[in-house]
Each structure stands twice: as structure tokens, then as C-alpha cells.
Amino acid sequence: MDKIVYSPVGIIHTGFHDKKDAPIQGVFAKDARGEIEIFKQYADGLEDVEGFSHLILIYHFHRSDGNSLISTPFLDDEPHGIFSIRHFNRPNPVGLSIVKLENVKGNILEISEVDILDGTPLLDLKPFIPFFDHRDNAKTGWLNNPNIDMARGEPGKHRSK
Numbered sequence: 001m002d003k004i005v006y007s008p009v010g011i012i013h014t015g016f017h018d019k020k021d022a023p024i025q026g027v028f029a030k031d032a033r034g035e036i037e038i039f040k041q042y043a044d045g046l047e048d049v050e051g052f053s054h055l056i057l058i059y060h061f062h063r064s065d066g067n068s069l070i071s072t073p074f075l076d077d078e079p080h081g082i083f084s085i086r087h088f089n090r091p092n093p094v095g096l097s098i099v100k101l102e103n104v105k106g107n108i109l110e111i112s113e114v115d116i117l118d119g120t121p122l123l124d125l126k127p128f129i130p131f132f133d134h135r136d137n138a139k140t141g142w143l144n145n146p147n148i149d150m151a152r153g154e155p156g157k158h159r160s161k
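Letter 58 of the sequence shown, counting from 1, is numbered 58 in UniProt numbering, and no numbers are missing.
Source of the hints: derived by calculation from the structure; they are not laboratory data. Treat the hints with caution; some may be incorrect.
What the hints assert, rightly or not - Capping the alpha-carbon separation at 35 Å, the derived lysine-lysine pairs in DSBU-like fashion look like this: (1) K20 / K3; (2) K139 / K40; (3) K30 / K139.
Using the sequences and the accompanying hints, generate a full structural model.
In C-alpha cells, the structure reads:
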């Protein structure tokens, strides 16, 4: 299999127009708001989504500027393999974020805790279900005792390589 092709189901709209302005992780950006515009042909798929407090967004990093198999993440000074970090310059520039669902108005989802650039194509969304998505025994690899205070809503800390 050489190629996989996806079409967006919507567009994510935020106030973040540049990587340097976006929060590192949405969980630290409680007040960061945005909207997801689901394309009309997919709007019926939103039935019952309003019952969930959080959504998992799968999207295309449309502003990725290349890819690298080794990169230095924000919370460390050492390079790591791209599959052990969350950098946007990936072989397949696919992003994943958990956002808080604030409101549903037709085909528009109002969200918060968002760390995504404006105009990002949405590939899919799924409900976040703590019973399924939480792991008590999860390990964090190289991210031992990180200085998480560094990341709390601080925009502009993305490394380019």
C-alpha cells in the first residue's frame, strides 16, 4: 500500500494564526476557544455529540514544514525519535487533541482547551470517554518529572526542528 487518501470532514477555526501563538497543550489553555465547522454533508454524524464533555480531534497539520525522524521536544533539551514526541513535523502530519465541547449549534461545535491553528482541516472526531481513554498504569517514557509549569498555557515554545 503506497498511499492513503483522506478528505476533511470539517475545518477548525481558532484565534491562533501562527505556531508561536498557539498553546503547547490544550489542557493548559482552559480559556483558549475555537469552533469546529463540520461540513454540511457530515452534519448528521453529530447526532448525540452534545452529551459528551470532551472530544478527541484528529486533524491534518496543514502548516507542518517538513518532517524529521529526530527532534527536540519543548519539555526536554535532548533529541528523541519523532514517534516518542508530539511534534508537528512528522512523516504523516496527523495531529490529535482533546478539547472541551462547550456548545453545539447545528454543524458548528464551540470548543475550548484548544491548541490548534486556525484553518486546520479536521479528519475525524470521536467522543472522549474516560472509562475507555484513561490508563492508571500509563508510563511517560523520557518525560520523567517534567517541569510542567513551563507548558501551562505558554504560547510560542514550539521548536522548529
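Consistency of the hints with the structure:
Between K20 and K3, the direct Cα distance comes to roughly 31 Å. Compliance with the 35 Å bound is thereby established for this hinted pair. As the CA atoms of K139 and K40 are separated by approximately 40 Å, the hinted pair breaks the 35 Å bound. Of the pairs offered as hints, the one joining K30 and K139 holds, with about 25 Å between alpha carbons and a cut-off of 35 Å not exceeded.
Violation of the numbered hints given earlier is confined to hint 2; every other hint is satisfied by the structure.
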